[in-house]
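**Student:** If you want the building blocks of each chain, they are given just below.
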Amino acid sequence: ETGVTQTPRHLVMGMTNKKSLKCEQHLGHNAMYWYKQSAKKPLELMFVYNFKEQTENNSVPSRFSPECPNSSHLFLHLHTLQPEDSALYLCASSRGTATDTQYFGPGTRLTVL
Amino acid sequence: DAKTTQPPSMDCAEGRAANLPCNHSTISGNEYVYWYRQIHSQGPQYIIHGLKNNETNEMASLIITEDRKSSTLILPHATLRDTAVYYCIVRESNFGNEKLTFGTGTRLTIIP
Numbered sequence: 001e002t003g004v005t006q007t008p009r010h011l012v013m014g015m016t017n018k019k020s021l022k023c024e025q026h027l028g029h030n031a032m033y034w035y036k037q038s039a040k041k042p043l044e045l046m047f048v049y050n051f052k053e054q055t056e057n058n059s060v061p062s063r064f065s066p067e068c069p070n071s072s073h074l075f076l077h078l079h080t081l082q083p084e085d086s087a088l089y090l091c092a093s094s095r096g097t098a099t100d101t102q103y104f105g106p107g108t109r110l111t112v113l
Numbered sequence: 001d002a003k004t005t006q007p008p009s010m011d012c013a014e015g016r017a018a019n020l021p022c023n024h025s026t027i028s029g030n031e032y033v034y035w036y037r038q039i040h041s042q043g044p045q046y047i048i049h050g051l052k053n054n055e056t057n058e059m060a061s062l063i064i065t066e067d068r069k070s071s072t073l074i075l076p077h078a079t080l081r082d083t084a085v086y087y088c089i090v091r092e093s094n095f096g097n098e099k100l101t102f103g104t105g106t107r108l109t110i111i112p
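Chains as they are written, first to last, in this note's numbering: chain B, 1 to 113; chain R, 1 to 112.
If you're looking for bench data, these hints aren't it; they were derived computationally from the structure.
Don't take every hint at face value.
[Said to hold, decoys possible] Keeping only pairs whose Cα atoms sit at most 25 Å apart, straight-line, the calculated DMTMM-like set for lysine to aspartate or glutamate is:
#1 B:Lys52 to R:Glu92
#2 B:Lys41 to R:Glu92
#3 B:Lys40 to R:Asp82
#4 B:Lys18 to B:Asp85
Quick caveat: nothing in here was measured; it's all calculated off a predicted structure.
Chain R on its own, in the form it takes in the complex (with noise of 0.2 Å):
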């Protein structure tokens, strides 16, 4: 079972910052949280992850906070190719531990 709390959708006007929240109340210390999006009928495409810190790559930044208990995904000028459903996972860092467990994500729409 997925171990995160995504809301169903969300809409977010283009050009505007695209804020998505994740719950993972019962995150462990060591597992981290990691987030795909996935458009139509497409594979899923890695974001970003992190284990407490902050973390900003060239497409996303994640906010973690200091309770790890939830995060925050940023898109920070989302354009109508950021349409999409969002998944956020936590993973344990234990070997062995191979699998990526999905949710249902959070369906994303950008608006013109």
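If we strip away everything but chain B, and leave its shape as in the complex, we get (with noise of 0.2 Å):
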């Protein structure tokens, strides 16, 4: 248990659904990460926030889109999602950026069909 849950852990979703990813971390850090794994491919950062602003959107498609309400919330809205957008999308947070420790959750497994 690392202080960082996400829900739901498992998702199947059709291409034309919405559908969102949660992220709910007990730590009291102000950075939080989306990162997404696919099979077989090392782990991709997504985005970034810091003290629920933006700081970073690597080149993501917009059909994956995130929300941060505050810092201890992180939503992935998913829209229009394509099959080969399943993979496990993985959570994070630290106390701020640069070299602070991050802390994973469980991640959810999304298949898209």
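From these two lone chains plus the hints, build me the complex, please.
**Tutor:** Printed below as a string of structure tokens:
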């Protein structure tokens, strides 16, 4: 238990669906991150939020829309996804950015049909 | 791109020390060495990090060579639950470099 929770743990959706992934951290951290891990590929950073402000968008398609209403919560809204978007989506948080250690949640396993 | 090189896989007998090597020959003076592990289909778990001194915590020890071009993660008494993919990452200390750039890691299998 790292203090970072993600829901749902598993999600199956069609290409026309709209769904959201939720991440919550109970560590008092100020920075939150979304990563994507596709099969047999390294983790890829998607978005970074620091004090609720987005500080990095790593060329992510607009069908992925992040939202950070406060420092403890991070959402990833999904719309019109493709089958190749099927992956493990991981949330992480850290006290700040720079060299502060990132702590990861358990991930959401997403399957797009 | 990941700036580290690790063997793709290793085996270790249960109860023995597991020594996982990592080469980072292009590391610069302000870059830290981080180790994470990922048990199948779970989120990565932070293990340890260091700059130039050897470090030890309740999970592992990190030995960094004097020239900082390589390091070794040591799990002193490996258990079956240590079976995972272990990632060695170098990370700048400059503000604005929030990325952890994961490579392909070392798949460690603990043998009963």
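**Student:** Hint by hint, note whether the structure agrees.
**Tutor:** For each hint, the structure was consulted:
no.	hint	verdict
1	B:Lys52 to R:Glu92	23 Å, holds
2	B:Lys41 to R:Glu92	23 Å, holds
3	B:Lys40 to R:Asp82	20 Å, holds
4	B:Lys18 to B:Asp85	14 Å, holds
Of the numbered hints given earlier, the model fails none.
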